[in-house]
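Keeping their order, the protein sequence lines are chains Z and X.
Here the first sequence is numbered in this note's numbering, starting from 120 and rising by one per residue.
Here the second sequence is numbered in this note's numbering, starting from -6 and rising by one per residue.
Do not take every clue at face value.
Quick list of the computed label-pair ranges, beta carbon to beta carbon [to be verified]:
1. X:K60 / Z:R192: 47 to 55 Å
2. X:A62 / Z:N179: 30 to 38 Å
3. Z:M120 / X:A62: 51 to 59 Å
4. X:K71 / Z:L213: 42 to 50 Å
5. Z:L219 / X:K71: 36 to 44 Å
6. Z:E220 / X:T(-4): 45 to 53 Å
7. Z:T153 / X:K71: 30 to 38 Å
8. X:K9 / Z:L213: 36 to 44 Å
9. X:R64 / Z:R144: 42 to 50 Å
10. X:R(-5) / Z:H212: 44 to 52 Å
Hints are computed from structural coordinates only; laboratory data are not their basis.
For each residue, glycine too, the CB sits at the ideal point set by N, CA and C.
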Amino acid sequence: MKTELIDHSQTRKELKIEIEAAEVRAEYDRVSQTYASQASVPGFRKGHAPVSVIRTRFKNEIRGDVVQNLIPRAINDAINERGLNVLGEPEIHLEPGAGLEKMGEAPIEVHAHVEVMPEVALGTYKGLEVGRRVRPVTDETVERMLDELREQSASLQPVEDRGAEAGDTVTVNFVGKHIEPPSDEDINVEDVEVLVGGEGVLQDFTDQLTGTRADDVKTFRVKYPEDFSSKGLAGKEIEYTATVTAVRRKELPEADDEWARSFGEEIDSVATLRAKMREQLTERSRMESEHRLRDELMRKLTLAHEFELPDTLVDYQSRQLLESTVRDMARRGVDPRNSGMNWEGMQEVFRARAEEDLRGSLLLERIADEENIEPTDEEISQEIESIAAATRQTPEQVRAALTKQGGERSIADRLRHRRALDLLVENARVMDEEWREDEVAEAPGAAPSGEAAPNEAAPASQGESQG
Amino acid sequence: MRTVWDIIKAPVITEKALIAKEESQDGRQLLTFRVDKDATKPEIKNAVEKIFDVEVDSVRTMNYMGKKARRGRHEGRKPSWKKAYVTLKEGQSPFDYGESI
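Pulled out of the complex, with its shape left as it was, chain Z reads as follows (with noise of 0.2 Å):
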């Protein structure tokens, strides 16, 4: 067997195998024989024709059987002995001649296109400067989240004294008259809460309502503007007979030692849910900067890093985010036919995503192996454990589920990736900016979510990898 390895590009490549004239004929006997040992001849009794008949009788056959068993060999040898690492089916092209008519009396050429994991020539990873910026945690952050926590647990209460004004609530049984277009049927409607001046509360229930008390009947007209939300009322002109049950106006507890000791055990003052706060988004803020600066360390990296991404693998990666993402919808009750989204627009962008991703991951892997990076079992027992923990799962059933999806591997994968992109941080010269808002869109993920699934939960970055 003569190969011959054609270079068409990084990750392309062809193999050109010529497989000898003898080796096709002693494959040729013996699938011969094989046909004559169980052919049934006119002329002959079982398994007793002749071989030269049964050759001229089963010619394509016997062709078919040969070049069945002499070509997926003679492609995984060439590959063996090239040392490939071949991603996907090659794709195999015969070429016609003297070889494939007359078996056994010429070679066979065989041309083998295959995909191959491209070869990542490290640049340099270590002291790549990055800037981290940390999201500042001031004093008017903290009360802002003060402020949002009474917010949170205010209550109404009823309002004698005054009518309604903005910001009360409202309570209205409504009784509407279509008067243009016209329709027999009233609008009945009771209890209705209506936030005087709320944001997405149309401008003339805030006019009409303002100044009401409980008890009153008012009527009035309402002009729906075109672009209502609600398709059954946009355009039409109603009018309404509200009777106003009641008004009530938002309570913000104050901010004082009782009112804190309502959030835990550990609480008992204002100021040590002030203090825990800063602690709260002080930690937040780390976490979404240290986010930040791998994202832009990993971005460093790829810019730096030149390398053509085999098909196989791009398809591969981005059918699967498609997929995760027609699953996500499914999961929120979305009919992903019917949502109205752009498939064949996504399809672009997810191409994007996996090509980022795959690049980030095979940099890593590399650098995993340049700095020999193997996570002991231990280490994958304490992921296994953290993941359960995460998903509230016993590590027994994540190790089950695991083990079905033969994840125990990319578990490893996952692990040597992280490390890789720690030892990249470690080395990195990181230097501290000012802080100032990112103009591109944060990448999701960067907020912190407790329930995330286990894929989820890493970062974007370190997408599974396929060897």
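Knowing the structure of chain Z, use the given hints to seat chain X on it.
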């Protein structure tokens, strides 16, 4: 017009015929053909010599009655045919029916 191809229809390739060919009598090869029912021995000799470029020693023929065949209620026969054993002269190169038929 009757050509040599109208006389020789096909070789008879069966175990029996092939064995007869292999175990050729005193160095003479024995070939077997399906021939036209009305062909005569000299005609067959001539045709075989022309087609295969060999020298024929002798020709023996025999008639085969078509087998009875039945399609439901209708009874009939398959066509009758004539078989010819052709003995080649001594010293002929080994014969191969090949794909010339």
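How the hints compare with the structure:
1. X:K60 / Z:R192: 47 to 55 Å: Holds - the Cβ-Cβ distance for K60 of chain X and R192 of chain Z, about 48 Å, lies within 47 to 55 Å.
2. X:A62 / Z:N179: 30 to 38 Å: Given range 30 to 38 Å: holds, Cβ gap about 31 Å.
3. Z:M120 / X:A62: 51 to 59 Å: Distance hint for M120 of chain Z, A62 of chain X holds at roughly 55 Å.
4. X:K71 / Z:L213: 42 to 50 Å: Since the Cβ atoms of K71 of chain X and L213 of chain Z sit about 43 Å apart, the hinted range of 42 to 50 Å holds.
5. Z:L219 / X:K71: 36 to 44 Å: Since L219 of chain Z and K71 of chain X have Cβ atoms about 39 Å apart, the given range 36 to 44 Å holds.
6. Z:E220 / X:T(-4): 45 to 53 Å: Because 30 Å falls outside the window, the suggested range is violated.
7. Z:T153 / X:K71: 30 to 38 Å: At 34 Å between Cβs, range holds.
8. X:K9 / Z:L213: 36 to 44 Å: holds (40 Å)
9. X:R64 / Z:R144: 42 to 50 Å: Holds: the Cβ-Cβ distance is about 48 Å, inside 42 to 50 Å.
10. X:R(-5) / Z:H212: 44 to 52 Å: For R(-5) of chain X and H212 of chain Z the Cβ distance comes to about 51 Å; the hint holds.
Checked against the numbered hints given earlier, this structure breaks only hint 6.
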